[in-house]
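Student: Protein chains in written order, with my numbering: chain G, 383 to 497; chain Z, -5 to 103.
Among the hints, a few may not be true.
[As the list claims (entries may be wrong)] No more than 25 Å apart at the CA atoms, straight line, and that leaves these computed lysine to any residue pairs for SDA-like:
hint, chain 1, residue 1, chain 2, residue 2
1, G, K423, G, D409
2, G, K437, G, K423
3, G, K485, Z, P8
4, Z, K50, G, K396
5, G, K402, Z, G53
6, G, K446, G, I394
7, G, K485, G, D470
8, G, K402, G, P422
9, Z, K50, G, K446
10, Z, K61, G, D409
11, Z, K36, Z, K61
12, Z, K36, G, V444
13, Z, K50, G, T460
14, G, K437, G, L497
15, Z, K50, G, K402
16, G, K396, Z, R71
17, Z, K61, Z, S76
18, G, K448, G, S472
19, Z, K36, G, T460
20, Z, K36, G, K437
21, G, K423, Z, K50
22, Z, K50, G, I394
23, G, K437, G, D409
Please keep in mind that the hints were generated in silico from the structure rather than gathered at the bench.
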Amino acid sequence: GAVVSQHPSWVICKSGTSVKIECRSLDFQATTMFWYRQFPKQSLMLMATSNEGSKATYEQGVEKDKFLINHASLTLSTLTVTSAHPEDSSFYICSAREGGNEKLFFGSGTQLSVL
Amino acid sequence: QKEVEQNSGPLSVPEGAIASLNCTYSDRGSQSFFWYRQYSGKSPELIMFIYSNGDKEDGRFTAQLNKASQYVSLLIRDSQPSDSATYLCAVNIGNQFYFGTGTSLTVIP
Chain G
383 GAVVSQHPSW VICKSGTSVK IECRSLDFQA TTMFWYRQFP KQSLMLMATS
433 NEGSKATYEQ GVEKDKFLIN HASLTLSTLT VTSAHPEDSS FYICSAREGG
483 NEKLFFGSGT QLSVL
Chain Z
-5 QKEVEQNSGP LSVPEGAIAS LNCTYSDRGS QSFFWYRQYS GKSPELIMFI
45 YSNGDKEDGR FTAQLNKASQ YVSLLIRDSQ PSDSATYLCA VNIGNQFYFG
95 TGTSLTVIP
């Protein structure tokens, strides 16, 4: 299957700082990327959908000014958690799909811990 | 409302048995269907996808789709302890994917 690379795998930061997570499609062009967060023993929660070159579409209840998403190229999307707080601690996962391909491939995830 | 329902389990089966996982969906516009496996602390991994009614087999895995009844299932034959994970059902509608809450499977040696 297609490869989606996500970095970093884990990050620990102080409250109030910003954290950037990168998601790259390595062997295909991802016209659409999705960002999820997942709390322990819970299912995936879709945060936003981003299409290359356009603004991300955020799900209800997700603060767009706090979770900044940039999809500047067909192979890279970034999620920046701004002014992180302990309640933002979670497992963040990106996924990507190739244009015309119905399959969705996931990055390896980023475990964020905010102290 | 685009709902995908799964029994959260936990589902326990002995090693070598058949594990049966079920999923129902509410939107008849659903186009394609996926099963993902997620180990604890890891991201989901695609294991099966199916578009048409009927069965699709891949190794020990068989996906079954019944669009009239709006359900999709996953059978795992000769279950192994390494199959112990959470299995997520996903449905594709347009540009969106909708996930169930997952079924936790434990294969007992």
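Student: Checking against the hints above, which ones are violated?
Tutor: 1, 2, 3, 4, 5, 7, 9, 10, 11, 13, 14, 15, 16, 17, 20, 21, 22
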